[in-house]
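Q: Use the sequences and the hints to build the structure in full.
So the sequences go chain by chain: B and F. The opening position of the first sequence corresponds to residue 1 in my numbering, with each subsequent residue numbered one higher. The opening position of the second sequence corresponds to residue 153 in my numbering, with each subsequent residue numbered one higher.
For the record, the hints were derived by calculation from the structure and aren't laboratory data. Mixed in with the good hints there might be a few duds.
As the list claims (entries may be wrong) - With a Cα cut of at most 25 Å, we get these calculated SDA-like pairs of lysine to any residue:
1) B:K141 with F:L279
2) F:K657 with F:N244
3) B:K141 with F:E551
4) B:K141 with F:Y754
5) F:K720 with F:D734
What the hints assert, rightly or not - Here's a subset of chain F near chain B, in silico, CB distances under 7 Å, partners left out:
6) G284
7) G287
8) S567
9) S583
10) T764
11) A766
12) E767
13) T902
14) A903
On a predicted model such as this, the values are computed, not experimentally measured, just so you know. A virtual CB, placed ideally from N, CA and C, is assigned to each residue, including glycine.
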Amino acid sequence: MHLAHYLGLLHRAQVNLAGALRQVAESHGDEPDIALLCRQQAEICDRHAERLGPFAERYSAAAPDEPDRLHSELFRGTRTGGIGLLRDLQDLYLMAAECDICWTVVGQAAQGARDRDLLAAVQDCERETAIQLKWLRTRLKQAAPQALVVAS
Amino acid sequence: MDDRIENPWGERTPYGPGERWPTRVDTHLADGLAESGVDRWVRSASILHSNGDAMDIAVKDGRIAGVRGRATDRVNHGRLDPKDLYGWQANNSPDRLTRPLVRDGGRLVESDWDTAMGRVVARSRELLDGPGGWGHFGFYTSGQLFLEEYYTLAVIGKAGIGTPHMDGNTRLCTATAASALKASFGTDGQPGSYSDVDHCDAIALWGHNVAATQTVLWMRMLDRRRGPNPPAMLAVDPRTTPVAREADLHLALRGGTNQALLNGLLRLIIHNGWYDERYVAAHTLGFEELARVVDGYPPDRVARICDLKAADVERAAELLGTSHRLLSTVLQGFYQSNQATAAACQVNNLHLLRGMLGRAGAGLYQMNGQPTAQNTRETGADGDLPGLRNWDNPAHIRELARLWNVDEMTIPHWSPPTHAMQIWRYAEQGSVKLLWISATNPAVSLPDLARVRRILSKDDLFVVVQDIFRTETAELADVVLPAATWGEKTGTFTNVDRTVHLSEKAVEPPGEARADLDIFLDYARRMDLRDRDGRPLIPWDDPEGAFEGWKACSAGRPCDYTGLTYEKLRGGSGIQWPCTPDRPAGTERLYTDGVFHTDPDYCETYGQDLATGAEYTAEEYRARQPAGRAFLHAADYQPSPEVTSDDYPLLLTTGRDVYQFHTRTKTGRAPELNAAEPEPWVELHPDDAEALGIADGDPVEVTSRRGAVRVPARIGGIRRGAVFIPFHYGYFDVDPEKRVPRAANELTLTAWDPVSKQPIFKVAAVRVTPIHEGRE
Numbered sequence: 001m002h003l004a005h006y007l008g009l010l011h012r013a014q015v016n017l018a019g020a021l022r023q024v025a026e027s028h029g030d031e032p033d034i035a036l037l038c039r040q041q042a043e044i045c046d047r048h049a050e051r052l053g054p055f056a057e058r059y060s061a062a063a064p065d066e067p068d069r070l071h072s073e074l075f076r077g078t079r080t081g082g083i084g085l086l087r088d089l090q091d092l093y094l095m096a097a098e099c100d101i102c103w104t105v106v107g108q109a110a111q112g113a114r115d116r117d118l119l120a121a122v123q124d125c126e127r128e129t130a131i132q133l134k135w136l137r138t139r140l141k142q143a144a145p146q147a148l149v150v151a152s
Numbered sequence: 153m154d155d156r157i158e159n160p161w162g163e164r165t166p167y168g169p170g171e172r173w174p175t176r177v178d179t180h181l182a183d184g185l186a187e188s189g190v191d192r193w194v195r196s197a198s199i200l201h202s203n204g205d206a207m208d209i210a211v212k213d214g215r216i217a218g219v220r221g222r223a224t225d226r227v228n229h230g231r232l233d234p235k236d237l238y239g240w241q242a243n244n245s246p247d248r249l250t251r252p253l254v255r256d257g258g259r260l261v262e263s264d265w266d267t268a269m270g271r272v273v274a275r276s277r278e279l280l281d282g283p284g285g286w287g288h289f290g291f292y293t294s295g296q297l298f299l300e301e302y303y304t305l306a307v308i309g310k311a312g313i314g315t316p317h318m319d320g321n322t323r324l325c326t327a328t329a330a331s332a333l334k335a336s337f338g339t340d341g342q343p344g345s346y347s348d349v350d351h352c353d354a355i356a357l358w359g360h361n362v363a364a365t366q367t368v369l370w371m372r373m374l375d376r377r378r379g380p381n382p383p384a385m386l387a388v389d390p391r392t393t394p395v396a397r398e399a400d401l402h403l404a405l406r407g408g409t410n411q412a413l414l415n416g417l418l419r420l421i422i423h424n425g426w427y428d429e430r431y432v433a434a435h436t437l438g439f440e441e442l443a444r445v446v447d448g449y450p451p452d453r454v455a456r457i458c459d460l461k462a463a464d465v466e467r468a469a470e471l472l473g474t475s476h477r478l479l480s481t482v483l484q485g486f487y488q489s490n491q492a493t494a495a496a497c498q499v500n501n502l503h504l505l506r507g508m509l510g511r512a513g514a515g516l517y518q519m520n521g522q523p524t525a526q527n528t529r530e531t532g533a534d535g536d537l538p539g540l541r542n543w544d545n546p547a548h549i550r551e552l553a554r555l556w557n558v559d560e561m562t563i564p565h566w567s568p569p570t571h572a573m574q575i576w577r578y579a580e581q582g583s584v585k586l587l588w589i590s591a592t593n594p595a596v597s598l599p600d601l602a603r604v605r606r607i608l609s610k611d612d613l614f615v616v617v618q619d620i621f622r623t624e625t626a627e628l629a630d631v632v633l634p635a636a637t638w639g640e641k642t643g644t645f646t647n648v649d650r651t652v653h654l655s656e657k658a659v660e661p662p663g664e665a666r667a668d669l670d671i672f673l674d675y676a677r678r679m680d681l682r683d684r685d686g687r688p689l690i691p692w693d694d695p696e697g698a699f700e701g702w703k704a705c706s707a708g709r710p711c712d713y714t715g716l717t718y719e720k721l722r723g724g725s726g727i728q729w730p731c732t733p734d735r736p737a738g739t740e741r742l743y744t745d746g747v748f749h750t751d752p753d754y755c756e757t758y759g760q761d762l763a764t765g766a767e768y769t770a771e772e773y774r775a776r777q778p779a780g781r782a783f784l785h786a787a788d789y790q791p792s793p794e795v796t797s798d799d800y801p802l803l804l805t806t807g808r809d810v811y812q813f814h815t816r817t818k819t820g821r822a823p824e825l826n827a828a829e830p831e832p833w834v835e836l837h838p839d840d841a842e843a844l845g846i847a848d849g850d851p852v853e854v855t856s857r858r859g860a861v862r863v864p865a866r867i868g869g870i871r872r873g874a875v876f877i878p879f880h881y882g883y884f885d886v887d888p889e890k891r892v893p894r895a896a897n898e899l900t901l902t903a904w905d906p907v908s909k910q911p912i913f914k915v916a917a918v919r920v921t922p923i924h925e926g927r928e
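A: Here's what the structure looks like:
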């Protein structure tokens, strides 16, 4: 059974997203809404990662060694300025999208494994990840014209 | 008349439920002038608060010489606020701006209209030339202009320049009211009527010190309280305001915890079966989710979060849950606090759960802070679209494009219009290069003033200020345009309960000052703004023409003005919108049939996530099939962005004083009002004061992470751990040599609600230290 690999991938994706959200909050402190909401969303990612812990344990025994290439590296630090903010938010969006699709995959696996607890966890968390995606899209849409067409 | 400084609310005229509120005509005339000596009375209403009290202006020898409340008006039945009784004197102030000013060699010097407007237009043309030129323009207006002026400004900005960067000081006072109404009911528009005070059996005031902010509404409530079968009263406020003292139950909760309290109250309403199951089933969506979320807020937990007694939370729920005709009012204690929109929506939820809407006494006022804020919202001079249209609905954009005869792509609608704090951020970053500020004073009213002054002083930002006095903001402008004000120009405006009044020109403005409408029209002409057929974009040239233009824009929308004319408003007094040919007398209450404005083709928003502001799409909205039902929005409590720490152990809240309005540009120039409260102060709980060794009247320093102010202490009137400073006070009336920091907004933080984008003025962490004279 390979579910543990995907749980590991999802866990790593949540931890990475939490870290990236905190870095963006830190380096774009002059955008108060970004700083505040990134910190709030980072806490949600922390909770997601915590919630995955027991399931990772439950399925780890059955897992062969995790292939490294399952880990993704979407984020390599923050940038500055209006376009920098756009690029950083886009990175966050892609990282949240990775979480989102992982929840889908893990949710399918939970069905196959007849694991009601895991399924409930997925259903709670994927809703929150969907909101993160939606928020990032909303904020990107707002920022794009000014950053790409207006600012010199 | 008795001294209305001593007693701001005047004498009581008690009345019982269902009776007509007795008339009491308040008048104040210049010294020595009797009513018989008045040359003319000119029709108007108040612009020194948002209650919309009708009055007539006394004219003597071509000058304003007093005011008299209009007995026949539905709003005030003759009464006036002390700010209105005395505030008109500011019109005659000798330091009015009478000529345009331009900055030359770093100094503002007197000039003429051609030079001043020439500079504005030259800079505008330069900026507009080239792709993305629209994005260099920001318009920051007010809650004090007239409907005709806002609508003209909206057309200039949205159809002429094509910029989404239009907002107003209304963002600081009323944005959450609009957001909460849209979120719950589909569009903006106040469900209730002031006459609900006459019929209710319980009044709940949510973060609303109505005794200071809308004194005439408070008089009406007090008159009910002194009459037979008075309504019960609940006050939710960290301060011991006159409202809190009058109330049967006062919940002095910890700042920033409104959402937790409301969740707890709604839980008790549901658990005790105090909700109207039939109304909920027929007229709302989202009950299951709301019930699930609020279930996590039992009284003990609420008591811990809010620092209240659990028994008081239960008493409050009983007061709300067992009333038969419940009236709620909401203001800045919710709007300028943590989780503003979420908490304001919970008050809507309370009324939806209990079926307390659309009938006499079952009223809900999501209040406005400023006199004409409702019109800024309706006309789209702020972060809304004209006629309460939905920026994300292509059919609504097409309607506007047809009305204005411009290309749809000219009208920015790729996102919601840019909110004020973001406009200021773009100016800080340098992409907004022209900021036109009309009739407001952000150098005193915005949060974190050091930052605001820095932005206004930037070399690459061209600042236009249109005002009646040389305000703290005007001092930093590149061009200052002298404006006419109330009593010197004609136009309409609308109050909280949708009552439209006409305010007519009584006297000439001083010197070369011009009506704000004429200034905007002059700009449109000089910019040669045209429609797609080459005709002038703005076809009107006077207030009545602008009003007729607005009527066409409002047709078929919730704020329908098509049944109103200047002539009709002259004939009677205030009339409530919607007013159409079918409903010529206006509309007292909305949603009398429980059908809300949530139809996807009609609604003003497709909705947002309350925690993040994430926008839902049209498809997602349609999938919920609202079919005229209202939304019950649920949200968990989240602590506010700034909480106390060892270094900053107290929570600052800012607010108003009954004698002052906004940044005192007018009330600070009315002798009686100024003398009543000439200086700011900080309120402290006696225990906190004692621990700090501070006695009443001692000078203290209040420090936050942003800055510090020095003000005298007042002991009492507020809960332990909290301090209060009124936000009105700036620097214009202090000798520059003697100025010390005293504006409350030196301390406040730059943060805002994710949905309404209203700044958070009510929760800044501070410390207070005594200033020992002679030791500095």
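Q: Each of the hints needs a verdict: does it hold here or not?
A: Going down the list of hints, with the structure as the test:
1. B:K141 with F:L279: Roughly 23 Å separates the two Cα atoms, so the pair holds.
2. F:K657 with F:N244: Distance of about 15 Å is within 25 Å: holds.
3. B:K141 with F:E551: This hinted pair holds, its Cα atoms lying about 23 Å apart.
4. B:K141 with F:Y754: holds, 24 Å
5. F:K720 with F:D734: Holds. K720 (chain F) to D734 (chain F) sits at ~15 Å (cutoff 25 Å).
6. G284: At 4 Å from the nearest chain B Cβ, G284 (chain F) passes the 7 Å test, so the hint holds.
7. G287: The hint holds - G287 (chain F) has a Cβ within 7 Å of chain B, the shortest such distance being about 3 Å.
8. S567: holds, 4 Å
9. S583: Constraint on S583 (chain F) satisfied, holds at 4 Å.
10. T764: Hint holds; T764 (chain F) Cβ to chain B Cβ min 4 Å, cut 7 Å.
11. A766: Constraint on A766 (chain F) satisfied, holds at 4 Å.
12. E767: For E767 (chain F), the interface hint holds, since the closest Cβ of chain B sits about 5 Å away, which is under 7 Å.
13. T902: holds, 5 Å
14. A903: Holds. Min distance 5 Å.
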